[in-house]
Amino acid sequence: VSESRAEAGVGDEQAEIALRATEGAVAGGAAYADARVVARRWSVLTARNGRLESLQDGDDIGLGVRALVDGASGFAASPAVTPGEADRLAAVAVEVARSSAALAWPTRFEPPEPREDAVRAGRCEIDPFAVPLEQKLELLEACDAAMRAERDVNVSFATLDFLSEERVFVSSAGSRLRQVLVDSGGGLRAIAVRDGRMQQRTFPHLFGWHANRGGWEVVEAMELEQNAARIGAEAAELLTAPLCPEGPATVVLGGSLAAMQLHETVAHALELDRVLGMEAATAGTSFLTTDKLGRYRLGSEEVTVTVDPTTPSALGSFFFDDDGVAARRSTLVERGLLVDYLSSCDTASAIGRSSTGCSRAESWNRLPLVRITAVDLEPGERSFEDLLGDVDSGFLLDCTRSWSTDDRRVTFEFAAEAAWEIESGELRRLRRGPIYRGVTPEFWQSCDGVADRASWQTYGLGRCFKGQPGQLVRVSHGTAPARFQGVELLAG
Amino acid sequence: VEAPETQLDGLAEEVLRRASAQSDESELGVVRGERALTRFARSTIHQNVVEQTLELSLRVVRGARIATVTTSRTDGEALDDLVERAVRIADATPPADDWPGVGEPTADTIRDAVSEATVACGPAERARLVGIACADLPAETLAFGGVMTSASEHLVANSRGLFRTQRRTAAEMRVTVRGRDRSGAAVRVSPDVRELDAAELTREALAAVRLPGDEVTLPPGDYPAVLSPPVVGRMLELLSFVGFAASRHAEGRSFVRLGEPLTAPSISICDDGHDPAGLPVGFDVEGTPKQRVELVRDGVAAGLLYDRRSARRAGVGSTGHAVPPDVGDDPHAANLFMAAGDRSFDELVGELARGIWIRHVHYVNILDPAGATITGVTRDGPCLVEHGVPATRVREMRFRVGLVELLRTAEAVSRERRLLPQIRPGSVCVPGLRVPAFRFEAPAGA
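Protein chains in written order, with the working numbering: chain B, 1 to 492; chain S, 1001 to 1446.
What the hints contain is simulated information worked out from the structure, not anything from laboratory work.
Here a beta-carbon is modelled for each residue, glycine too, at the ideal position from N, C-alpha and C.
Incorrect hints may appear among the rest.
Claimed, not checked - Among the chain B residues that face chain S by a calculated CB cut under 7 Å, a handful are:
id, residue
1, M198
2, S363
3, A415
What the hints assert, rightly or not - Simulated DEER-style distance windows between Cβ atoms:
id, chain 1, residue 1, chain 2, residue 2, range
4, S, A1092, B, D12, 30 to 36 Å
5, S, R1203, B, E113, 45 to 51 Å
6, B, S349, S, V1119, 35 to 41 Å
7, B, R463, S, A1124, 46 to 52 Å
8, B, R120, S, A1135, 44 to 50 Å
9, S, R1182, B, Q226, 30 to 36 Å
10, B, L427, S, D1108, 57 to 63 Å
11, B, G470, S, A1092, 29 to 35 Å
12, S, D1112, B, A102, 31 to 37 Å
13, B, Q226, S, F1163, 46 to 52 Å
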């Protein structure tokens, strides 16, 4: 069984309908309008304990229209992409905007220079929807068996996940854009249970999930089957491993844990809508207030953070964002100094800057928000082995088990799945239950090394949640293992 | 929900007719609805959205080989494609030896759970509520939050003749009031938008803002504590997630030992999709009518949640708690209730000689599912209570507590309950609690 991803496309007629919606909104009184038609096709397979637990195969298509009227914004969306529905949505978006006018946030939306692009297609060497289902099931079965070869692993999950998305963007400012992106990935979870104790190992990281932009070749590169046996054995070993000691310690975060640390304490804190208070009632605000821009030292000289949605394989990459801004690389933290935010056209103009191109909507049915896209911790100059080699006594922590921050992202606590003692530069015994906590700027200022590009890779997060109604957006972080001094290490 | 039921009837009949010709069993789920939301920040509206949704989910069974496919498209070509895709995928999957079959029709009557006021609520009414929430705020304070309404129609039909529909509505409002160095918050959910009292929500949020004096930082340690309903609600949601799904229980991943004491005797917990005090849900995505499941009865672990597959494995009937795979791997309690107690909420606080009143929590996550141990931070107005009186604002704190231990030692339960939204789909209706020891680990925020 194999299929073509071409089934999930947006036709020229539907692109014209999007244009009609923007024209309708402008005719109705909007100073600016844009519209998105998004068609998605997905397939998610999950094996649990040796059985195919679920196989989600789906598609959807819809139209979303945004209108700005007298400084107020309105948004309306529908799964019906028809001329009549476009007219209705345009009228609703304008009406909704008008209803806000008396209390409206003073939106200054400065659209980008209009562009007309031909179809821009992301990297995809092997169409994942054309790979036979039987082949995918065989891989899941093999992974599951490898994890459960360990006697104490009595719960196992193996997942494959594919998404194809075509997005057409048109605006009353004159932009006509179209992009096709394909994601492929999967992951593993091995859970060992014995005598009321439970230990989990995941691969490659959080939730046992990872994806990159690309086709089946992404799955092949993950070496799922080879890693299944390893994490099964580690989960079982953790059941009897000694508890991680507590106290200040030198800690090396593995790449995936560094990615989550970056995600929660830096990337979210850099979202300009959050900084401006737009998420205060739900996800919270940020300690990186605008008065700190250009003068606040968030991290050490080792810490440079960029946003780069032009990275071809990164899950957070794209050709244009949902304001129609072309993807581009920006530096956010320059050798520890805060120099820019993740922003959209309206939030950037609120502080007199240009958008960094981070306006993203989950799909056709959601209003674009400032989102993490592809936010990276730039690699350092020393090898991973060198970073470990300097450590007389410390711990290497791997894979996120739990994570939590306060509502300004200034303090945090993370738990890792596993810790390995580092003695005289060598990895030694496995320890269970590591937890660490800290104050975000103090923690990043204690960073005295990020490993070099040889161990730098991108980690995809499939369910970054934000906003109301909640939007789950796919994002990514490029990171390498990073070393921190004087970390408050706990256990539990 | 504008479209009349007959349109969904016809759509279901059309899909099942096409699917039945090529399968041994088939089952269709349809969700159609409209959701609207007005969000505000700094006492101004910054988001205003209306979204219509439609999703068809078709499951076909061919000789114990099963596939489920979904689409938002309803034209004839799309329906043909839906069925053809399902059949093709089913034939490539291995037979499911634990497939319980699609649900049988029963005589259950499912009533709509609809407020016509919520259906009719438009952007002007939402803006009016926002205006009330933002009016008459003290100097140097601003309001943040949102008003959400949704109206949806749910249908499950299958080749055995099961056919169920239900219309549902929900309305939710949250208000956070922030001053220079302080904040308070309140949230409500109801099927009826008229139950959202914007002025009352703002008053509740302001109560935390108006606490006198400077903030104090408490040393880490165990503190007697009163937990407001939003705190209890979040904890109950997590407790249910890690403990009450039959599938997790069967895998040895749950702390629940049926028939054994689990919490204080004053605590009873159930999931009930039909209780009008919640957001009623008549049936699950498999069409099984929601059963009222007593999870904890007078402190004793009493029940688990099943979908059709976990029920088949256990040799029992489904309790109607199936969810789609994108919501979770296990049966889910979407209508949680904790029974009311015998104290007023004011008495919970008034009887506290010295301790902490925690109104809200933030970013709570599970540290150890085996013991239901969680961590998170307090938010929006924790305060120190002395001699039964809220005395001083307390700096936010990171906590780590074992939920089972917390509920086992609960001293008092309030009569008043609040209906609150879950983070996952559903609602939770809970009282306030007083506990003798709530573990603060470290200061949070700044």
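Checklist entry - What hint numbers does the structure not satisfy? => result As far as the earlier hints go, 2, 7 and 9 are violated by this structure, in ascending order.
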